[in-house]
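Chains as they are written, first to last, in the working numbering: chain A, 3 to 300; chain B, 124 to 453; chain C, 0 to 337; chain D, 237 to 604; chain E, 15 to 608.
It is worth saying that the hints were derived from the structure and are not from the lab.
Note that the coordinates shown come from a computational prediction; the quantities given were computed from them, not determined experimentally.
Any given hint could be a false lead.
As the list claims (entries may be wrong) - Below, simulated PhoX-like cross-link-like pairs (lysine-lysine); rule was C-alpha separation at most 25 angstroms, straight line:
| hint | chain 1 | residue 1 | chain 2 | residue 2 |
| --- | --- | --- | --- | --- |
| 1 | D | Lys-320 | D | Lys-290 |
| 2 | E | Lys-464 | A | Lys-157 |
| 3 | A | Lys-157 | E | Lys-421 |
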Amino acid sequence: MAATATLAASVRSRRPALTAFRKAVTRKPGRIIGLAIIVFFILLAICGPWFYGRLAVDPNSLYAAPSAKHWLGTDFAGSDVLQEVVTGGRYVLATAALSALFTSLFGVTIGLVAGYQRGLTDSALMRLTDFVLTIPGLPLLIILSTVWNFGSPWKMGLVLGVTGWGGVARAVRSQALSLRERGFLEAARGLGLSRRHILLKEMLPNVAPYAAMQLMLSMIAFIGAEVGLFFLGLVPFSSTNWGVMLNQAVFSGGAMETPSALIYLLAPLVCILVLTLGIVLFLDAIDELFNPRLRERV
Amino acid sequence: MTAFARRLAGKLAAGLVMVWVVVTFTFFLVHALPGKPGDVQYEQYIQSGMNAEQAAAKVKAIYGYTSHDSMLSQYGGYLGKLLHGDLGQSISYSGVPVSHLIWAALPWTVIPVLSGLLVSFLIGVTAGVVAAVRRSSRWGGLLTVSGSLFAGVPAFVLALLLLVVFHTEWNLLPDAGTSDIQYDPGWNLPYIGSVVQHAVLPVCAYALLSYGGWLLAMKSSVVSVLGDDFILASELRGIAPVTRARYIGRNAILPLFTVLALSFGVMFAGSFFIEDTFDYPGLGDLLLKSIGTRDYPVMAGAFLLITVSIIIANILADLCYTLIDPRVRR
Amino acid sequence: MSEVEVRDLTVEYQTSVGWLPAVAGASLDLRAGQITGLVGESGSGKSTLALSLLNAVPAPGRIAGGTIEVAGVGDLTRLGGKQLRKARGGAIGYVFQASQNSLNPLKTIGRQLLDLGRSHEVGDLRALIARAKDLANRMGLDGDRVLDSYQHELSGGMRQRVGIVFALVLNAKVLILDEPTTALDMLSQASVLDIVRKVHDENQLSTLIITHDIGAISEIADRLAVMYGGRIVEDGPLLEVLRRPTHPYTKALIGATARITGDVDGARALPGRPPDLTTVARAGCVFRDRCPFAVEVCAQTEPELHSFDSERRRACHVEPSTVLTGTTGTPAAVGEPA
Amino acid sequence: MIQARGITRTYQTHGSFTGDRTVHALRGVDFTLPDGGAVSFIGESGCGKTTLGKILTGLETFDGGELVVDGVELSKLRPRQREKYFRRIQMIHQDPYSALNPTRTVEATLGDPLRMRAKETGAPVSAWRERAAELLTLVGLEPAAVLPKYPHQLSGGQRQRVVIARALTVDPTVLIADEAVSMIDVSMRLGILSLLRDLRARLGISLVFITHDVATARYVGDGGELHVIYRGEVVERGLTDEVILSPVHPYTQCLLSAVPVMRGLEEPGPDRTAPTAALDERTPTPGCLFQPRCPFAGAQCAETHPVLVPFGADAVGTDAAEANVTGADVTGADVTGADATEESGHVHACFYPESRRVVGVEVGAASA
Amino acid sequence: ACSSSSSSAKKTNGGGGGTGGVFTSIDANNKITAGAPMNPFNATPNMFKGYNWMQLAFTKNDPSDPNAVLPGLAASWTSSDSGLTIQLQPNAKWSDGTPVTAADIKTSLAIAYTQGTAGPVASAGGTVVAGSNFEVSDVKDLGGGKIEIDQQPGVKNLYFQRLVLTATIVSDKVYSGQLPADIWSQIAAVQGTDPAAASAAGDKLAAEGKTIAAFSPAKDVSAGPFVETRVNPGEALLDRNQYFYAANKISPKQVILRSYSGNQQIWGYMNGGELDYAPYTSMPTNILNQVLKAGYTRIDAPSYVSASIAFNEKQAPYNLTPVRQALAYVIDRDAVTKVGEPVGGIAAPTTTGLVGSQSDSILSADQKAALNPYSPDPAKAASLLQGAGFTKDSSGQWHLPNGQQWKITLQTVNGFSDWIAASTIVANELTAFGIQTTAAITADFATYQKEMAAGKYAVGWWLVALGPQTDMAYARIYGSADGYSVTNGQAAHDDNAATNWEHTPATYTVNGQTIDPGQLAAQLSTTPVSAQQPIIAQLAAATNQELPMIQIWNYTHVMFDLDKRFTNYPKTGQDDLLANPPGVWMMQGYVQGK
Ligand SMILES: Nc1ncnc2c1ncn2[C@@H]1O[C@H](COP(=O)(O)OP(=O)(O)OP(=O)(O)O)[C@@H](O)[C@H]1O
Ligand SMILES: Nc1ncnc2c1ncn2[C@@H]1O[C@H](COP(=O)(O)OP(=O)(O)OP(=O)(O)O)[C@@H](O)[C@H]1O
Ligand SMILES: [Mg+2]
Ligand SMILES: [Mg+2]
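Construct the entire structure; sequences and hints are all you get.
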């Protein structure tokens, strides 16, 4: 009985959520474009590698110009650039998504708890946050990269997430602090609802749009940091990704000096730019997605 | 003013504690790195034709430092020296105090970062105001997107594009170094001119890097100030537009001081990419090099300095804020 | 003898379903030397009307029709640029709804006063300051101290008074106060109202006070206008209107006021909820949904605001006497249909 | 039954710029709330009303005095055990908008505490839906229409009713209404006030009504006592109507004088008065706290701190006499609405008590 | 992108051609850093060999005569059993105008003892390593610029002449203050028979060595053709030393040396015509074409370095010779070279532990013919593997004899772009053959070495055939990395030595003969070049058969010069000159302004 009730409730509430999503996205053309870009890259990352087998190497056509066989030409080993761009996106996106996941996990939890608990817990957590914020993340990553192999997106994502949650935590905490003063939280405490309930059901939905926005922004930053580390060759790599492509284009292909390798440089560069743009354009819709008040404006 | 002093003291104390934490953290982190300072040099000697024994001996002569003290007592020693302002001696530049290296590198990071900050502040804030005032128009929207995009695009992408366009393609500006070697460093016009010329691209890169942040912050700040009651009130009182603009400006700038500290951090992080791309010998470059050669003291020193700079930027931003806002001043 | 004459004023806001009127065909006179009270529930268009008196309807809004003749200035709806700016503050002083925050937090009051003087090209700024101090002193403030203070150093009541100083310091003859006492406690409210009355009398102003609390205004106003759904539904001399309300809404509003004397059980809340731009009736009387006297014609024709007495006007199809004596009263149910 | 004895609360503010400051939000407040009874507190802004409300609901701690709920002295219990008692006391917030979570529907808002309550009482959890509907009907809302809505889809009055319904989900015995109607449109205030009265009558819930608007206190607090607080201290107490009609303390008189008079329907009271200065909390006052603003202050007021004494008694107690008076006052278990004048008495803390008529008089009544 | 010459190039070379121009080049050895000492003994000195850093002579890198040198401060020299007598350049002077004297030479050679380049101090545990360090016992001024340098009695170092002549020479005035007065008695003690005293003196010398390495002279006092004027981060400016003994031969008035900061930076400089000479730079073919188009002339010199794939034979299955041989058959060295090092690499014709040209010139025709060239031959590889018990499943994957699927992780180092590029294709070839291979990259070389020594990698890249001396080339394979240590020309093998990561067996059986490669390699270093051939032949055959590493390509030293501003550069073939930096060429009268 209770199950059916909740089921009914969830069915009822899901449909409007879908329509709200559609409405929020279609309100502005920029958002549609943004979403399309994001979806495109996600599909690319998920399905792209399925279309391709192992990266073929052809020493007889190094840096070949674009042709019917190789739409974007070939690289230093005669491999297809398009294939590399497509298969290389998976690592980049997976890492960014994972790091965003870790960031939100740490950032939102710590921010919420600090904002709600106050007192000693708060100060301790905030000192930790200050520390994470103060330690320059990139140098740290570079140092860490000599100790730790960033081969899998998991590891890279974890490290980026561990060094990157400070901003989210701060933001969430300040939101939580202001929420704390709001009547409904006092009411929830007065009613004797559990702390878990208050954190998850009362506060979380209210900080969600903010957190989501921070998250997407940090995702952009993560893509930048991660690709940058590979680009500078600071982090050893074990598979093709956009950063590696950039690195090889510039440092071994001479893309800055000769046009023949330029497309090898531009392909990942354009991908990063477009993906960033997509996220930026889509960000606009987030607030509306989470906020029931905005959602309703016809 | 005593309250002000107390606040300052509190901030400084917190900053010092943070510095200590960072010192500790870096010390142990850096010493946990695999590899020894001499290893790279050794292989270089070998590859330049020295035999193994000779190379090993030479490496030992130069890097001979092998402390048998426990990590903890080394840490104590390091802290003690640090208290006297001694960052130790570089390993790879044997005999050179770390502080010399850092002092030499510091201006090449701080000056471009600050100039970049200034430039991006001026442009970003202006653009932010425009984006806020014209937020419903196409131009406002475009400006905002440009801000988000620049805030999102990685530093090295910007640096690379600048380099391709202004050096490779148009050949207008030099691509590396801080000045032309012909000119005698000092306060003479040719040298300064050369320094400026070399700094243009890095400064541009820094500026572009933080432009987006300023724009977005200023935009949201102006939007919120525009919605403030006192702005409407001043309109209803018939206050002159110029005066109202000043009201809006000063109130909107206030929250940007928080962004200032943040921006500083972003730029220091970006300095790695930018200094590497433009071969600019700043702190980021120093740290990168020292990591490659396992120069622990330099690594720890550079890392510390970057952190301290960020902490100081935070404190300064806070002070600026207090100086401008009467609500927290008193 | 009217300082301000509003005729057929229509103010519209742009919404997702098009331009909708927040003030529809309002006509109102602010008579010299009198305090006019404007009451109505939230969303009835009071602030919009007040702002349009300065031709300052905020962004998605516009004055769609009508005129606002201000003595010595002309039709305000036709003014623009510098002339309009001079009229604001110069001819008409406005005390802001949220007057608590109507001051720049970064500048002292005195400096903002100088800004005001310069904006209006006042030659003698010293005299302006002196006048401001005088005004402040008369309102029970320490003029010197106040001028040296920042906004955050003043209490809510003090800020409200400073707002009045700003409105009057340039010798405006018209004073508009939008909800001057909301968010103040009883003691502050009483002292602010007291001061308004004093200042009004001393300066021979034409004052418009806007409030949703009929009780608060009844103590000091000379005339009362009642607004509902963007329309002025009744106006006249205050005592007259309070004693003998001829519009069902006015009557209900008076009846819904918590009072310190009289029968506790006699008072009744209004049923239903006040309309806003999108929910207000498009045809017929805007109040008919909540009106206990509503008849058939109310649904079809919108009643005109007409004079039925030398001093009084009303917009209702039902006879005044029916409303006055009507026993239909407000429904007893406490519930509000959603 | 709630008994409060000498509740004090002091805030230590560490303004980073203003320096440390001690705020005496409450300086020893006593009151008794019998089951099903009502107590009202009035006072101007910042006098400690909200602090008191929060202390009563357990949202704020107090640092002195005793709070006895149903005969149990709460400060002796451990925080966990206290919760149970505080749960019976629910607060209705001033701002009905912020009191509801904007991201949750009415259904979710009511559902969680109802399910929690059901688990506690052993009632079938699945019945929460019916219970929610019941509660909404009780507060005068149409369940089907309101349940799926978000707060912003409701009017102020409706929101406040939802807030009340939510407070009722845990079957409280006491409701605390802190300025419960001040943010609601005038036209709907009466609706909420009569709802509160109704709840008192129908469910036997006792009510603590906190406001700065005496007129509204009159609507819910009938039969109960009215406490006038000034700077964290009760300066006058008595049956609501009695205090309104014949206030003794100058502060009460000022407060009541400030209630606007509906000219035409009412006439101003003959003895209307006003404070001589604005509230200044910074300057410490050894004597009567109201003395700096008091229009009737005498010589004694500046030196000695007056305590509550019954009106009509010959002398006003000083601090030394206080224990005697309040002690008798509070421990009297027979403090009820009935037979009030003698037992609970009309008490005040003024050296120069004088009853004045300050509230407006109805024109009809006067002419009749 | 390459049309005009850079604006900064125009400025840098504003002087244009003719005598007195500015010669711009890259210093490939050091990161140039403002603030680093102008002290050649420092780890990262602001000193440039051949320009302001002088030696008595400069090596010719002649494989057939390791002692062959080009004259430097020494105009001539005669070798004897007891040592060496040199004649200083008649006009040799320091840049402050004072003449170069025997005292300078004596101090410099004493310093060498503190720096590990001379004497037994260098070797671990105080044992003497013959052939690696020079052991000077005394320096005598014979007058008239004649100086006698005595070799420690009883020690016979075949390369004594070269080692002494190529030692760094610094000014006695500047450096003697850093040395204790009794330095030569310390040296005598080190060379003495009392092991305790020798060891103590050795420690003392090492401590002094550190002081010297850290010493930072106030100004450059150079005996070379140039003297340092100024150092920027990344750049150094040198002015012509007017007191240089052959100043009339030196054409450029100034030299600008830029720090080596990455290949692509050098390509950029060359595209803009900014460099007059570019040292070895790895580059792809398209860049080569572009550089040639920009007017550069390519000069090739032998390089004596070979990139190889090495094995840790402690890890199965790489302990099996057929496995390593099979891998050699699978890897197509031509294709790999094309991808990895298309310009500066020549696919190794076979794999012997020496670069191709060297083994070509040393080995006889018969011996060469007997070498297995390991031409790509998958069938051969398959049969070898099957012979060793490997199996191939239906999907074409190879399985180890124990049934497990065979997977290879090919380790390379971050930043070594040619190895990384080559790894992709090697991995591709092996995977296509049925051995799952992935390339893994270590963060930096320090880590690579550490982890390699720790036995963490089974298969990884390694440089071999280092230097023109065959003894050193083989010591690279059968030396400390393989558990050998050498004392007095006698090799000892210890499979558990900390540095041993190869773990090859102590002996090989080649052509039915059992040999100890470590012993042979150690023997090489004490054998005159004329007598080395049989030993080399044995080692080459053993290495070719056993493949402790598979040589992939031999590097070629590809340099570029631009004769826009200067002309008369050494040409391909003048290997003796090309083994040295341009400063040395200038001393010999090359590089003239246009
Ligand atoms: N900027 C706006 N855009 C759209 N509609 C608006 C805007 N401002 C006000 N309105 C609508 O116009 C109507 C009148 O608003 P107004 O603020 O004048 O009411 P009010 O009588 O002052 O109410 P309150 O007592 O709440 O201040 C309301 O229905 C409101 O929703
Ligand atoms: N958390 C706190 N920290 C410091 N001071 C506080 C705190 N809460 C309240 N105060 C102070 O205690 C006094 C009483 O506050 P309280 O909110 O109880 O007043 P109130 O009577 O409810 O006022 P209002 O009518 O404005 O709501 C005030 O001076 C207030 O500034
Ligand atoms: Mg309004
Ligand atoms: Mg309160």
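Hints, verified against the model:
1. D:Lys-320 with D:Lys-290: Roughly 16 angstroms between the alpha carbons, so the hint for Lys-320 (chain D) and Lys-290 (chain D) holds.
2. E:Lys-464 with A:Lys-157: Roughly 22 angstroms between the alpha carbons, so the hint for Lys-464 (chain E) and Lys-157 (chain A) holds.
3. A:Lys-157 with E:Lys-421: Holds, at about 22 angstroms.
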